[in-house]
Amino acid sequence: MDFSYTILILLLPVALFFIIGLLGSKMNPKVSGMIGTSGLFIITLLSYVTAFNYFTHRTGEVFQSIEVFQFVWLPFTDRLVIHLGILLDPLSVMMLVVITTVSLMVHIYSLGYMKGEVGFARYYAFLSFFTFSMLGLVVATNIFQMYIFWELVGVSSYLLIGFYYERPSAVAAAKKAFIVTRFADLGFLIGILLLSFYTNTFDFIALTDLNGPAIAQSSGVVFLGMSVTTWAMLLIFMGGAGKSAMFPLHIWLPDAMEGPTPVSALIHAATMVVAGVYLVARLFPIYHFSAPGALEVIAYIGSFTSLFAAVIACTQLDIKRVLAYSTLSQIGYMMVALGVSGYGSEAGLGYMASLFHLFTHAFFKALLFLGAGSVIHAVHSNLMTEMGGLRKHMPITHITFLVACLTISGIPPLSGFFSKDEILVAAFEHHKLIFAVQWIVAGITAFYMFRLYFTIFWNSNPQYNHVPHESPPTMTIPLVILALASVFSGFVPFHDLVTSDGRALITEFHWIVAIPSVLVGMVGISFAAVLYYKKNSKPETVAKGLKAFYTMAYQKFYIDEVYLFVTHKVIFQFISRPIAWFDRHIVDGAMNLIGNTTVFFSGSIKKMQSGQMQEYIWYFTSGVLLLTLLIFYLN
Amino acid sequence: MNPLLFLLIIPLLTIVGIAMVNDLAKVRWVSAIGMSAQLLISFVLLYLFYQQRSSGNTDDMLFVSTATWYESFNIQLKFGVDGISISMILLTSIVTFSGMFVSWQVEFLRKEFFISLIILAGGVFGFFISLDLFTMFLFYEMAVIPMYLLIGIWGSGPKEYSAMKLTLMLMGGSALLLVGLLGIYFNSAPEGGKLTFDLTEIAKVHIPLSAQLFFFPFTFIGFGVLGALFPFHTWSPDGHASAPTAVSMLHAGVLMKLGGYGCFRVAMYLLPEAAHSLAWIFIILTTISVVYGAFGAIWQKDLKYINAYSSVSHCGLVLFALLMMNETATTGAILQMISHGLMTALFFALIGMIYGRTHTRMINEMGGLMKVIPFLSVVYVIAGLASLGLPGLSGFVAEMTIFVGSFQHTDTFHRVATILACSSIVITAVYILRVVGILLLGPIKNNHYLELQDAQWFEKLSGVTLVVSIAIIGMSPFWLSSLIREPLNQMINHLTN
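Protein chains in written order, with our numbering: chain A, 5 to 639; chain B, 1137 to 1633.
Heads up, a few of these hints could be off.
Unchecked claim - Straight line, CA to CA, 25 angstroms or less: simulated DMTMM-like cross-link-like pairs of lysine to aspartate or glutamate:
| no. | chain 1 | residue 1 | chain 2 | residue 2 |
| --- | --- | --- | --- | --- |
| 1 | A | Lys573 | B | Asp1438 |
| 2 | B | Lys1581 | A | Asp505 |
| 3 | A | Lys30 | B | Glu1501 |
| 4 | A | Lys573 | B | Glu1501 |
Worth flagging that the hints you see were computed from the coordinates, not collected in a lab.
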């Protein structure tokens, strides 16, 4: 099978970026939007063709990894060389489909949502750039190529969060997102340096080779009681945790909602934030065989984040922030699934479940965000307290949003049910405590999603300044398509396609997990219905009952304040400011001191040059006298 | 005729041309033509270099020509280039070219200004092609002295103080350097015979260890002062703040590179054993430079100070990588010199253009410039992204080569130093994004800014030249990296044996 056309999947978006970016200001905004969207449509088609060809042409029972092409970009040493290329395997092909699909939906949706905005062309240029970076990231053949695109994704996220650059809050959010993820990337970079130093390769195929340098011939060097591979993999995970906003590096994601809503759907819900999951999945054999300790850490961090974020989501009033915390929580699920997974055949259930959830989550979370965008577009507010009763005004948005809420709550037969169920089964078989936590989180998820749903679409009807109306077709069509994807993507035979070792695995249906998980979802929905179906005083009563805890959750457990303290107080006031002072007054002071001393001495000596003959004769004779005395003394 | 001589003849002819033209409006055209020719000749040189290599010429130095200058001290005019010097020449001609266009509107003593600027550039070209320590030193001084006039006459703010400080500190460095060079000279024939200043000849002899240990610090610090080695960097913030735009560009972009180049080619290459045993001291100092400069930049409010401290950090990384003494790290160091040269020249050019419009360099007095001068702002953002090491721009290539190279040392000392140096990528992001956020984004602070003009053609030309160079290196670094690497194998062998 010849896959050489896949290069177009990378070249087209970068071409779009340059065309729209350089010529956009001279074009009619509509034209640049159409160029971007139709270009992306072609890229999406190409990805589908790639996926179809790849998954229908397996050799034997195993899917092979195919390096379509690869060239030397920058050689470091004889063996450490950065290549750029395209790697096709089930994981990357699946990601191609997810990214292009969501990206295309967002492109179409934005034609309506961003209509009339200043910087419409710039918006589409950035979207193309993001799509390019994200696609480059998932098809990377080696870890350094991944790092390159990883950084590019980071900067496109920065540019898009800060799209409304005249708003100080957007600028601050963009900066925060970039710096927090940059800090995490420092860990990633050091991890890469460590791993590559001991394995002498960047290449994914060599790294994940079971008989290769990272696994079978692992160096065995130990540092502070842990193998150097474990250190490296933990550091690499730090990069992943930054992008995927795992606790305690999650603080940037809720703020990132300052960006335009379609951007939140694309970058901060469906694609970029799952890059961390992708990274762990990509290096999964190393984690499993050489760094099981690191994998355990991933499971705990994932589990904690999912609970922590779900609790916060119950208290937030900004609908985009609720969805942002929900994203954190769902990515936590994916991390848990990877953390509890084994390798090969049935043991690899967690791996498969994690990516399955990534797949379904991309659709339903993008749907939720785009639905929220449609609501915001109509109401001109992000606050759910200013919404209510919208089901009559916006029927399509209402129905699709309901579908998404049911999906994320794990109600069968929607896709979320299948993927979440697999994760719970994997957790159940591995670690009962983690299972219990994830089971409770499933209930909380259903609760906060339906809190959102009932408050927006039912509840009381506030006084709107002008009557909200349904969004234009450019916005509702993507909603409908994504709703269909959310309903049906659960039926994709994922366990045949994307597994830890490339072989199909057989999944059984576990009633013992499925029934409780559906039940807990129903309970969550019922609670939400009781509290929020109609306007009443019960929510306040509950909040008052849990006053201290409620306040803490509402204030996001004060993690932002801790960061603010560290950055503003410690780094700015206690490191940077003293250094600046030290440099001006001590280091430079010493230099000035040398200068001043010289000036002082020359000032004293220059008086001897008075021009008066008497004085010179006086110096001369006393000098001669002194010298004569000295000679006599020495003799 | 040796093509290298053109690099000296063209500036000379340009100076004569400027002196002869009476019409002040034509002065800048004469200089522009001269510097364009210089840029062209640099690329021709690169072409000829490749041609020689592909025809099988494997000499260490190409286009070597020698002329005796002062027989009794055995001083020669000896020129020659390898991949490293060629890349530095390319850098110099690009920066000079765009510096020329940035100065398009200098009104005061225009003739003298351009002449001084070209003398400075000529000194730098001479330095990079010299293979004789004495001539090298001569050209070095030739580049430093016009700086005094350029800052003292055409500068701003406390220009006399800054000019004096900069010149005196660099002269202090020169004094140390002179001791070092003479030390090398007098030990260049330990077994008797003729003393020599010839770099390639000295490399062949073994200078006694005691002499090496004594003279290495003189030479290294002497060049290091110019390369902003902590704690001898304080001339940089004041000097840059007062210097006119083109001078800041040439100074940070090119002149500071003389320091790194000299440290490697003279101090380390000629005194290898001392370099090995004393490297740890300088690794500590340069690691401090890298982190300290970056933290220092966070607190500054003046755009030029921010860039000056950022230069301390980035140039610290150059010396840091050189001291790692392996092929990869050294390649990274040279790449970093070029990358930093282009980047910082771009920054200073933009700062000059912004200052010319808003008449302030204090970031908190400005805001929302993206809205009013989008071209300059976008270029500023690109420069910032290059500076914080975004892939696809030159900074990333250089930094990654340095980090991977430094990481090849397995002992704890080097590892810790490398990780500390790596951490600068985060701090850099902090100060760059802080400036971008305050200066360019956000609401417009001052209503007068609504009337600002965006870049004029010569400003665009200057900015675009630098941006394109940064992007070319960033996107396809292979050719440059192999050009630099080509002489390194032999040089590093010499260093480590």
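Regarding the pair Lys573/A and Asp1438/B, is the alpha-carbon distance no greater than 25 angstroms?
-> holds, 21 angstroms
Does Lys573/A pair with Glu1501/B here, judged by a C-alpha cut-off of 25 angstroms?
-> Distance of about 23 angstroms is within 25 angstroms: holds.
Is the straight-line distance between the alpha-carbon of Lys30/A and that of Glu1501/B 25 angstroms or less?
-> Violated. Lys30/A to Glu1501/B sits at ~32 angstroms, over the 25 angstroms cutoff.
25 angstroms limit on alpha-carbon distance, applied to hinted pair Lys1581/B and Asp505/A = The hint is violated at about 58 angstroms.
Hint compliance for this structure: hints 2 and 3 are broken, all remaining hints hold.
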